[in-house]
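Colleague: Residue numbers (the numbering used here), protein chains in the order written: chain A, 209 to 658; chain B, 18 to 277.
One thing to keep in mind: the hints can contain errors.
Straight-line alpha carbon distances no greater than 27 Å define the calculated DSS-like cross-link-like pairs of lysine-lysine that follow [to be verified]:
1. B:Lys153 x A:Lys255
2. A:Lys260 x B:Lys153
3. A:Lys304 x B:Lys93
4. B:Lys226 x A:Lys260
I should point out that these hints are in silico values taken from the structure, not numbers from a laboratory.
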Amino acid sequence: AMAGVLRALRAARPLHRRGLGRAAGPPSTRQLREAEEAAPVFQYAGKAARRKDRVFVWGFSYSGALGVPSFVKPDAGWKKPRRIQTTPYRLETEEKISSAACGYGFTLLASNTTDITKVWGMGLNKDSQLGFQRSRRDQTKGYEYVLEPSPIPLPLEKPQQTRVLQVSCGRAHSLVLTDSEGVFTMGNNSYGQCGRKVIEDEIYSESHLIHQLKEFDSRVVQVVCGQDHSLFRTKKGSVYACGWGADGQTGLGHYNITSVPTKLRGDIAGVNIIQVSSYGDCCLAVSDEGDVFGWGNSEYLQLASVTETTQVNVPRHLPFKIGKVKEAACGGSGNAVLTEEGNIFVWGYGILGKGPNLIETAVPEMIPPSLFGWSDFNSDICVAHIRCGLSQFAALTNRGELFVWGKNLRGCLGTGRMEDQYFPWRVTVPGEVVDVACGVDHMVSLVKSF
Amino acid sequence: LNAAPRRAPRQQVRFLPTPAPSGGGALELVPTMVPVLAEHPLVQGPRFRRLKIGAGHRLDVKASGVFVLGIGHGNKLLTDLYNCHLTKVYTVGGLFGKATDDFSDTGKLIEKTTFDHITREKLERILAVIQGTNHKALLMYSNVDMQTQEAYELAVKGLIRPMDKSPPIITAIRCLQFALPEFQLEIHCLHETQQYLRKIVHEIGLELKSSAVCTQVRRTRDGVFTLDDALPRTQWDLRSIQDAIRNCRLKVETEIEKTL
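Pulled out of the complex, with its shape left as it was, chain A reads as follows (with noise of 0.2 Å):
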């Protein structure tokens, strides 16, 4: 009996254990919570988080107008060239960009900084329309393609106190609008566009001829290019205009070429205007009481409301029953307003954003407001920009959605598809979109990522 209950006894002694042994088996809820209660937290996004300002571009590349060197001459073996970028791609650049505006086939981006350089071109410079860009292989001569952004040298006379407000660019010419230095002008003057007087065979490549105007009314607020002409809105809110008129896009009542900016009268004679808008050879005018005027080029019933010529050269009042107008926008052969609702009307020729089976129309259409995104879920959505390329529209709404339109020439539109494009559509752009300049093959949206 004794040997029994020492058998007992040693069975019943825990085992000896060695370091921490524990029992087996699922944890238990306690030991759960205590699990994660312990784990490290993580933090992603510190007190410093900003939201960055990114600039991106898609279209044709082969210009140089995307400012991405590799699309045209790739540096790495497995690189192949990239003729058309389909889809938006982030362009990176030193500073941020608060202007950019779309050429022929050139792009320039502006920042408003106090730094030296504030203005960089990229794309063709065949007529210097990016200034002259010293070649680095030769020092005598110039880049007629330029494939990455490179800085353009401006005649400031205080170059460390002067903001960059505002660029514009034409067919091969291009304007730059600053706050104290009045407007500079560089490219192609063979119709008076740079608004200095035109000297016979003169060549426009390889120069360095930057051409300044200060003489207006008042301080020039916004500078517009056409294809071949060029328009100066002062803040007094009047409009002057140089350049090729053979069209009436000139607005001074000839069809005649002029050199020097002049001031436009006709129906806009004393009338506050608030935008100018112009890409091809027909212009429009918004006053602050939201009316539209319209000068230039008729061919495509763009001012058909108001006359059957086919060329008007003098603005005149169109006289549209749509509401207060806020923005315009003008296209090579379209045309689009915003009104104060958000609304969007189009009229013209070409795609214009109400499917197929409308080619055009003299009378403005709105374009349904479902098409942005507004429904009985989302009511307070509204467009809050409207944008023209020569044959595109770009629209911005309040949420900062991109939806554009249009011809896809050569994939500008970004939608990643190659057809043309009957009724708005969105681009996904990673991130709220600001602002968007469209040209003609390409466009450059300055973003603001999340």
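Fit chain B to the supplied structure of chain A, relying on the hints for placement.
Modeller: Using the frame of chain A, we list chain B on its own:
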């Protein structure tokens, strides 16, 4: 159901022998209406021995809400309703700060993050992007040629939607409540699973530079059936089911006619 009163049995004319009124032992054949014995309740037995019940769109074990069932002839209507491709509405609740392996709050914890920097504005921006990309997917999977006029007209009315199999698409999403760390979203979607919705909550957390888990998924509408039509647990009896079927019949018929 079986206790409900039955149809009265059929009557038939039979010639029954009855004793003649004139006396004597002769039997006469007199035509009388008698019930058919084959339809007697004791012969036939219970009227319903089995009921065919079919289920509509799947609902997870962890989710709750409207679940559509079809009884008998309703099973055929279920396939028709599936082919209508109507949207479903969910109320999804989420919690910032945690990331788990199965995207819900009962899973194994993977990571904890800070979430103080999140504001309602940032959340709404992300929701707008989700809606935008899903709207594009809606148009692309609808198999309608974008170059035609009818595509434009359907897009204007908002009737473009995929009428075939497609990946899950969210047609509308908005934030109902926002109180850090919790938030609640209302999601209208097509062809989705509840796990996909939990994954969306997780991805929203990642976009906002934090992490999120899904605490609640509740279906508030399935096509034409809303929460008001749905019967709670206490009302799972014959009378309420019959009333519900009667109320919904008209809605279902109009919807099917409209779409197909």
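Colleague: What hint numbers does the structure not satisfy?
Modeller: 1, 3
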